[in-house]
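Hey, can you piece these two chains together into the complex? The hints should help.
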Amino acid sequence: MKKERDEDFEANLSGNENSDAARSRWFKRIKKGILTSTSEKKETPEGLWAKCPECNYICTTTELNEGLYVCPKCNYHHRIGSEEYYEMLFDNDEYEEHFDNIVSTDFLGFTDLKPYSKRLEEIHSKTDLKDSMRIASGKINGQGLVIACMDFEFIGGSLGSVMGEKFSRAVDYCIEHKLPFLVISKSGGARMMESAFSLMQLAKTSGKLSQLSDAKIPYISLLTDPTFGGISASFGMLGDLNIAEPGALIGFAGPRVIKETIKKDLPPGFQRSEFLLDHGFLDFIVDRKILKQKLSQLITLFNN
Amino acid sequence: MPHYPNKQFLDFEQPIKELYEQIEQTKKLAEKNPKINYQSTVDQLELTIADKRKEITCKLTPWQRVQLSRHPDRPYTLKYLEKMTTNFVELHGDRNVKDDKAMIGGFAQLDGETIMFIGQQKGTNTKLRQLRNFGMANPEGYRKALRLMKLAEKFNKPVVTLIDTPGAFPGQEAEERGQGEAIARNIYEMIRLKVPVICVIIGEGASGGALGIGVGDRVLMMENTWYTVISPENCSAILWRSWEKKEVAAEQLKLTAIDMKGFGLVDEIVPEPFGGAHWDYDEAAQTLKHAILRNLHEIKDIPPQERVNERITKFGKMGFWNEV
Ligand SMILES: [Zn+2]
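Going line by line, the protein sequences match chains A and B. Per the numbering used here, the very first residue in the first sequence carries number 1; after that it's consecutive. Per the numbering used here, the very first residue in the second sequence carries number 1001; after that it's consecutive.
Because the hints were derived from the structure by calculation, they are not lab data. None of these values were measured; they are calculated from a predicted model. Using N, Cα and C, we set each Cβ at its ideal position, and we do this for glycine too. Keep in mind that the hints are not guaranteed to be accurate.
Unchecked claim - Now the stretches of chain A that chain B is said to cover, found in silico as 3 or more residues with beta-carbon under 8 Å: (1) 98 to 105; (2) 111 to 125; (3) 164 to 170; (4) 204 to 215; (5) 232 to 244; (6) 258 to 264.
Unchecked claim - Which chain A residues face chain B? A few, computed with CB under 7 Å, are given here: (7) Glu10; (8) Ser14; (9) Leu108; (10) Ser161; (11) Ala190; (12) Met192; (13) Ser195; (14) Ala196; (15) Phe197; (16) Met200; (17) Gly251; (18) Phe252; (19) Phe281.
Said to hold, decoys possible - As a list, the in silico BS3-like pairs of lysine-lysine whose alpha-carbon atoms are at most 25 Å apart: (20) B:Lys1032 <-> B:Lys1017; (21) B:Lys1054 <-> B:Lys1261; (22) B:Lys1127 <-> A:Lys259; (23) A:Lys264 <-> B:Lys1098; (24) B:Lys1101 <-> A:Lys263; (25) B:Lys1098 <-> A:Lys263; (26) A:Lys178 <-> B:Lys1317; (27) B:Lys1101 <-> A:Lys264; (28) A:Lys263 <-> B:Lys1246.
Same shape as in the complex, but just chain B (with noise of 0.2 Å):
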């Protein structure tokens, strides 16, 4: 996580900035009175701050769950991959277009067993962000997806693809290119694949951007991420015809961890380091890393086409209705 001056701070996280603007001040104090021993206070000080993110963890509503997912100092895919894994060798392109830099993948070791990563991934600061543009893929980002998953798929690696996106992009090319059926593929092909999969929301898993790389034996969710079909501002903008609505949008869609883990849509919640993944991605990740093999350890004894059936069957159960 970034040290004091370049952390950013939510607007339920300026308590805390208070905090270590007076720990600066003690330091500084400190400097100017050498005589004097201002540990103590320095100590009590970042005490505070611990309970601080322990008190915001333990109130936090829908849409400040949101705020979180997107919060700047977020680990993202590769800061992930960096934690948990070795030997990560990134691969590029989709053999047809171009390489669409918010998407990423490639082979890493988890504990010396050999995956396929997959993910979206955000820029960590104003020119990365575009260049990735903000996680949002193109069709040929999923197509490099699914050019990946079926390469671990000739070689019986297990995939896990990390993901983190405000939606598939929007864009006039990305329709010419078939946005659609570029996500559509990538649903119908997860759903057979052979090997192993599981997916994981480590920030914002909105819609079929989300569910384009999404379709596993287990899906998980980390603690401060949220996963519907669409994001909070813009079904407020659609059902609220307004934009101001985005707070009430992000309960009424029950779009949180625990919700989405209550109605049996997601499998499991991974816990995130006090206050956030932010605050110490060490943690977040080996936390991370023992889930993914957990789970991977639950399933990749099943037999290829039983799992592929366990796998339809999860999914064909989901869905609400009355028969009269």
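This is chain A alone, in the form it adopts within the complex (with noise of 0.2 Å):
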């Protein structure tokens, strides 16, 4: 049994990664492309030191890496972003990236404790990202697959106009090239410095995903931890099959929402993978270590 994570992953949605409810646990990329554990980190000679958020076990971050950055001893799934899934998955760590040029831009002049646009110069001089999704193209195990990946500590992994238009883009070039979409997704939810542009994306996205279902082309949704909001009530949950990783969040509501609205605990595993395949929401959960395995498999499948 995972112990509980009384994580405010909402925090992450501010895009105040300071504070100390957003301090989280996932790696996160400084530039150079060197990767860190937010919480502990130590220089070495042998490298950076990580501690697993779940069992407290330490080994360095090449082993993590290594490990494609599940915990050697409890399994634990770390949050790691595309860079990661992208080396993970494409063969020999090739691929094209598309559509990178798209850029979120302060269209609403809003302002919160920060202004939108400012903090948007911040995460821009501090991380190589662009944005909270990237598209990109290559072979698994020798077949075609378009995979969006999200980056969670891009303000969240929010969904704003730049995701939905992104995932619209890769519809189309899925359609075009008759080629299988993988949507990763890792998101706290909708981005609200975009208020109602980036509700719409939820019915955008699915009016490209009703043309990808016309066309034949396999859709597979991965959810990773943690993914909510606008995410699962829209393409999240809208896979041809729908997967997971281990021990992810997922849900619609918050658990810090839900315990408010019901005033009582939630039950131990609440809303994490094994729960929604419990319930039906879910084809299979899928370990890191046999995804690309598991994924190129489907593809032949399908494809065959």
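See the structure below:
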């Protein structure tokens, strides 16, 4: 049984990544392509140390990287980004990135504790990420695939206009090139700084999935820790196959909001992948170590 | 609308309440002094009330619009159906789990034409508010809505949805039964529904809970409603880390009908009686009825597949970004 993590991932949606609540358990890509754990880090001759948030097992990041960011002791799936998934899934780490010229802009002039435009500037200066989703095409075990993958560290992987537009163009690309579509979700929900525009992305992406469906192109939705709100209320749950990594928190409303509403504690394992599988919302749970093999097996079955 | 003793007043409606109190006092005086004619005083006060309603309408802040959208005397879905339609037959249940009282639907005639109406329903008193779960539907509510939409599609009847929800219900059982999946499925199926679909925000338009019955060829907003991705209160709590910034959040979110029409995210604003729909149910319903009929007339003859394509294209254009 996994211990319950009382984490408020909504805090990540604010973009205040230095706040205590937002200080979270994902690997952070600092410039130069080095990964570091946000919680525990210490320089050593062998590289950086990383501590498992589930069992506190300590190993080097090199060791972790070789193990696909899965804890060697307890099988906890660390939060990773698009770069790591692409490296893990595409043959020889070869892929072509698409539509990375599309970037967010502060159309509404939205200001909370900080202007949205300022937040975007700050994130762009700190990471190489352009937004919360990247699109790439390549081959996995020799078969073509388009992967749209979210980056949680970009404002909590939030769904805004850029994600909606990239997703849409990725669908067009899949239809044009007759390639199956994999979306790897990891998001706190909609990007509030884009207000109703972010909400409308749910309809926009669903419309594109309708076209993908008419073209008879397989769409696989892989849900990873965490996937909430607007993602689960749209394309996240609309896969021809919905699959998930083990132990991922997945839901519509966040646990904090639910607890405040029903005024009692939630049962152990609530909103975890295993819970969703049990309730009939997932086709299966897939361990990261066999993810590539499983995906290429599925593509073979679809393409045959 | 309720008569004076039962009327409820928002903070910025207090001047009107005071005018009503003056009318009541005047009437009492009239009873005591039957020889004096107080009618002109009462008439004058009623004219002042009418003026005050206009005055309020002219200078509403975004937060006040949010308050009006939640006004306890505001007409809800069933009230509009009562005032606009004939032959309404309510249909229940999702054929799966249960009948969700927060989401209602059924066939009715609007100016003689059969239409499938679907909408969230709020309660009009404490007991009914609980029964209706404050207009927050569970997955079975969204699935009932989808069942009714498919029924309408089968018999080639247009769908009209009336949206009024503070959000989909964030409960434990809602998650167990797949709240996210239910809303996602509705959005997906609505965007490819073969019959004309018109959606109207008649009160609160909160997030996925609203969009779950909100994908249409035409989306209308009544004048004093709001529609966005999160309630101002929750937005304040997450982005400002305080419950105190709801007014600022309401401004920043640009959630009013005027904003939404300006962004092209909704197609039309339906005017309300001065001061809000709660001042005159008949007038509010008649204006809405004509807006629905006019929009329906404009889209009903488009071939179904073309209409679906236009719907997908319309939502496909929504968003803002730079290409560098
Ligand atoms: Zn571990």
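Practice task
For the pair we were handed, Lys1127 (chain B) and Lys259 (chain A), check the Cα-Cα distance against 25 Å.
Solution key: holds (23 Å)
Handout entry: Verdict on chain B covering the segment 98 to 105 of chain A, where coverage means 3 or more residues with a C-beta closer than 8 Å
Key = Since 5 is at least three, the answer is holds.
Practice task
Below or equal to 25 Å on CA atoms is what counts here, so check Lys264 (chain A) against Lys1098 (chain B).
Solution key: holds (24 Å)
Practice task
With a cut-off of 25 Å on the C-alpha distance, tell me whether Lys1054 (chain B) and Lys1261 (chain B) pass.
Solution key: holds (22 Å)
Practice task
Grab the minimum C-beta distance from Ser195 (chain A) to chain B and call the hint holds if it beats 7 Å, violated otherwise.
Solution key: Since the shortest Cβ distance to chain B is 5 Å, the answer is holds.
Practice task
Answer holds if the nearest beta-carbon of chain B is closer than 7 Å to that of Met192 (chain A); otherwise answer violated.
Solution key: holds (6 Å)
Exercise for the section: Would you check the hint for Lys1101 (chain B) and Lys263 (chain A), treating anything up to 25 Å between C-alpha atoms as holding? Expected result: Holds: Lys1101 (chain B) and Lys263 (chain A) sit about 22 Å apart, inside 25 Å.
Practice task
Double-check Phe252 (chain A) for me: the hint is only fine if its C-beta lies closer than 7 Å to a C-beta in chain B.
Solution key: Since the shortest Cβ distance to chain B is 4 Å, the answer is holds.
Problem - When the least beta-carbon distance from Ala190 (chain A) to chain B is tested against 7 Å, hint result - result: Holds, because the Cβ-Cβ distance from Ala190 (chain A) to chain B comes to roughly 5 Å (cut-off 7 Å).
Problem - Coverage of the segment 258 to 264 of chain A by chain B (three or more Cβ within 8 Å) - result: Coverage by chain B holds for the segment 258 to 264 of chain A (3 residues, Cβ < 8 Å).
Exercise for the section: State whether the coverage of the segment 204 to 215 of chain A by chain B holds or is violated, taking the criterion as 3 or more residues with Cβ-Cβ distances under 8 Å. Expected result: It holds, with 7 qualifying residues against the three required.
Problem - Interface hint outcome for Phe281 (chain A) [beta carbon to chain B under 7 Å] - result: holds (5 Å)
In summary, this structure violates none of the numbered hints.
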